[in-house]
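Number of protein chains: 2
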Amino acid sequence: MSEKNITMPVNIDEQAEANQTRRSFLRKSVAVAGGAVIAATAAGRAAAEPLAIPPTNKILGRGVVSIPYGLPSKFEAHVVRRNVEWLTPDTIASISFTPLQDLEGIITPSGLHFERHHGGAVDIDPSTHRLVIHGLVEKPMIFTIEDLKRFPQKSGFWFLECPANGAMEWNGVQMDSVQFTHGMVSCTEWVGVSLLDLMKAVGVKKEATWFFGEGADGAALQRSVPLPGAKDQFGKPISDFDANTIYKDIIVAYAQNGEALRPENGYPIRLIVPGCEANMSVKWLRRIKFVDKPLVTYQETRHYTDGMKDGRFRQYTLVNETNSVVTFPCPDKKMSGKGSYEIRGLAWSGRGKVKAVDVSVDGGKTWKEAKLVDPVFSKCFTRFTMPWEWDGKEALVMSRAMDETGYVQPTLRQLIDERGTSGIYHKNSIQTWKVQANGEVHNVQLRSL
Amino acid sequence: MSEKNITMPVNIDEQAEANQTRRSFLRKSVAVAGGAVIAATAAGRAAAEPLAIPPTNKILGRGVVSIPYGLPSKFEAHVVRRNVEWLTPDTIASISFTPLQDLEGIITPSGLHFERHHGGAVDIDPSTHRLVIHGLVEKPMIFTIEDLKRFPQKSGFWFLECPANGAMEWNGVQMDSVQFTHGMVSCTEWVGVSLLDLMKAVGVKKEATWFFGEGADGAALQRSVPLPGAKDQFGKPISDFDANTIYKDIIVAYAQNGEALRPENGYPIRLIVPGCEANMSVKWLRRIKFVDKPLVTYQETRHYTDGMKDGRFRQYTLVNETNSVVTFPCPDKKMSGKGSYEIRGLAWSGRGKVKAVDVSVDGGKTWKEAKLVDPVFSKCFTRFTMPWEWDGKEALVMSRAMDETGYVQPTLRQLIDERGTSGIYHKNSIQTWKVQANGEVHNVQLRSL
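Here the protein sequences come in this chain order: D and R.
So for the first sequence, the numbering used here puts the first residue at 1; every next one is plus one.
So for the second sequence, the numbering used here puts the first residue at 1; every next one is plus one.
Incorrect hints may appear among the rest.
The list makes no distinction among identical chains, and a pair is therefore deemed to hold if it is satisfied within one copy or across any two copies.
As the list claims (entries may be wrong) - As a list, the in silico DSSO-like pairs of lysine-lysine whose alpha-carbon atoms are at most 30 Å apart:
(1) LYS231 / LYS365
(2) LYS355 / LYS248
(3) LYS353 / LYS248
(4) LYS154 / LYS333
(5) LYS74 / LYS293
(6) LYS371 / LYS355
(7) LYS334 / LYS154
(8) LYS154 / LYS353
(9) LYS353 / LYS371
(10) LYS355 / LYS154
Bear in mind the hints are in silico, worked out from the structure with no lab data behind them.
Just need the whole structure built from these sequences, with the hints factored in.
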C-alpha cells in the first residue's frame, strides 16, 4: 500500500483545531478529499503533541480473575448468533446464524458457532456419558470420556456447514444480511480420537459398508456415513470419493478451539465428519453402529435430500460443495465513503483446499484473483482479500471460489437449471452485494442470479 | 495403535452384568487386567444391545439463541484462569494463569487467555478510542479503529508469554500445578494491521531506531521496540535478530480468535510483537512514538531485566526462548491406572518454529523423539505427543524442545550456572513431573534441576 492510498487518518494538527467536532470533520475530509489531501495537509508539518490523555489512563481497571472465564467487551454486545423468527415454529428445532460480518481470520469463536438443533441442546454430565460402538464388529465396546481421551489425539481446523445454508434464497426470500444468507457455517480447531483407531479397537467386520451415529439428545439424531463398498438402499454404489475418503478424516471430538466442546456443539462428544453436511457430525454422540446399508432415517429422507428439476429427490449428497462469500463489504457492514478498502471474504470446500478465489466489483463482467491468506487448510475456512479503491459509485461485489479438484462455484442460474427451485439444500452459488453510492450495501442475489 | 493396547473400554456384556456398579468395575478391570484381558473377554461374544436410553434422549433441550453468545458447559466450571493469592498485593497489578492442563490443540480460548495487568483491565469505547503515531515521522497521524480496519489485514497464530512464566520456581517455590508453573503463556489467532504499513503511512524517518507503544490503561505501560540500527542507552548495538527481525512481524491487532479483542487483552487495539516478552505487546494501545533511543522506562528497568550471576542485570532480552512442558500427565491431571496413554505437551519458541521435542520418562536418562502435531507454525504453540504404555511404576516425565535455530531448551542447572538465582524472568528450563505408582503426579523440578 502506497502512502497516497491511505485516505483515513487526519493530521494531528487538524485534530487540535477541530477537537470538538472531530467525527464530522473526519467524515467530511474523507468524503471530499480522499488520500491525496491527507498527505498534502500532513506533509512538512512538525510532529504534534499526542492526543489529550484519555480518562482510562486515570483510573484503575478490574483485577485479574475478577472474570475467571473471560467474555467479550460490553461494546461488542451486538456480535451474537441470531435466528430468523418466522423460519421455524419453535427455537428447539431451529437454527441460529453466525455473524460472519464480524469474524476476522479463520477461527469462529465457540460462543458464535452456529447452532442447529432438532430437539434442543442438552448439557450432559461427562462422568455418566458413554459411547457404545457395536453392530458388525468383533468386540462391541462401551467407552467413557476418559477412555476416549487415552487414545492418540487427532486434530484439525475444519469448517462445519449446515447444508441448508442459503436455503432461504432459493425461492425469492432475499435476506439483507450476510449473517442470514451464509451464517450456517463456522470453523473450529477440533480435537478428538480418530474413527480409524476406534474401528481397530472394536474390530469392524468387512461386511460393514456403512455406520451411523446417534445423539443422546431429544431428537436422537441419526445419520448414515458410507465406508468403502457402500451402496445406497437400491443397491447403487455411493461415489468413490464419499465411500473411500470421508471416513478416514472422521474423529470423535471432545475439544473445540482449545477447550471442551460447548453444550450446543455436542458436549461431551460429537462426531466431526470434515467436509460433509454438518448434521452428519452427530452431536451428543452416544452410539456408533456398523451396518451393511444406510439407515434411510427421517433425517435422510424428510430432511437433507435435494429436490431436482424433474420433481424427484436425490439422496446422500454428503459433501459441502465449494462456496464463498464477501464479508466486507456486505449488507451488515456498509462503506464509510470513497477511498482505500480491502474486500474480504471467506471461502471453503468440502473436497479439499480452496485453490483460488476471484472477485468482481462490476457484477461479474470482470474478475480479479484475490489473495488467499495463509494458512490454507483442507476443508477449512480460507480467508481471501483484495485491495479496492472505491470511487464512490455503485458497484456489484461478488466472489467465486475454485477448489483443488477444479470445481468452480456456480451461479444461481446454473444451480436452478440443474435442480429447479424445489430444493432447500446445497445452495452454494455466487452471492452478489450491491454497494450504493451512499455506502449502503444490499443483497441483490435474485437480480443477478 | 494395536488392539491389545486398548485397555480402557469394557465389553458391553460385562456392562449389562454390572450395570449398577460399573465405575468401580471398570477401575478394577483396568487396574488388574490391562488391555489383553479386555480383548480376551470381548473376543468371540455376540454384539450386545446398546446401553439403556439415557434420560437426555427423553427431554427437549434449550432452543437456539437462548444463549446468544455461547458459554462452556456447567460441568466445565473448574476450567478457569486462576491467580496465586500471595504473589501480588492486589489483583489489579497481578497475573492470572491459563489452565494448560485442560487445553487441547494449539488454540487458547480467549476466555482462558492469561492476564497480566499493571493497572487493571479497562473496557474502552472503540468509537472514541484513537491511535496516535508520531515522533520521528514525516506525517504524524491519528487513527480511529475504523481507519485501521481499512488497511490490509495481517494475521497469524502466535503465542504470547509473560517473561515471568516459571518465575516462582527459580528460588525454591515448587508449584504443584502446570497451570502455575507454565500458565503465563497462551496462543491465539491474531488479526490486525501490519506495523510496516503504518510506518509507510506516517513516513518514518531514517533516524528512528526504536519506537515505543503506550497503553491507555491506568499503568500507561510503555515498552521500547528496536528497529534496524538500534543501540541501547550506552551505545551498544542490539542483536541483529532483535533489531532486524522483530519489527517486521508486528501488528496492531483488533481481533483475537475470530472476534474483537477481549477487554483484558487490550480491546479495542493492542500491539502484537510475535515471539517477544508479552508486555511489549502493549494493550489498550493509544500511541506509537518513533524515537532514536530506548525509553529506559520503569517497565524496562525495575521490571523485565534479568539478574545475572555477578549481581548485574541484563536488559532488553526481548525474545522468549524455546520452552516446552508436558501437559499430560501433570500434577493437575493424574493417571488412572497402568496401560496405554498418550503423553502430550506444548512447545514454543520466540525465534521461529519448533523443530523437535524429546520426551523422557526416566528423569532424562533416555530420550525419545515425540511426534509434532500439524500445523507447526513459527512463534506459535506446537503440540507434541508420544504413546506411552505405563507399567504402573514410578516415572519421571520430562520434555526438551529444540527450535529451528538449533537452540535446545536448557536444564535449570544450566540456567542457574549462567544467571544465578536472583532473576525472575526467562526461565525456560526443562520441567520434571514425577508420576507415582498411585497415579498421582508431582512437580519435582528442584530435585532434578
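A quick look at each hint next to the structure:
1. LYS231 / LYS365: neither (43 Å within a copy, 55 Å between copies)
2. LYS355 / LYS248: both (22 Å within a copy, 27 Å between copies)
3. LYS353 / LYS248: both (16 Å within a copy, 28 Å between copies)
4. LYS154 / LYS333: between (37 Å within a copy, 20 Å between copies)
5. LYS74 / LYS293: neither (51 Å within a copy, 38 Å between copies)
6. LYS371 / LYS355: Both: 11 Å inside a copy, 29 Å across copies.
7. LYS334 / LYS154: Result: close only across copies, 22 Å inter versus 41 Å intra.
8. LYS154 / LYS353: both (19 Å within a copy, 21 Å between copies)
9. LYS353 / LYS371: both (14 Å within a copy, 24 Å between copies)
10. LYS355 / LYS154: both (25 Å within a copy, 20 Å between copies)
Consistency with the previously given hints fails for numbers 1, 5, ordered from lowest to highest.
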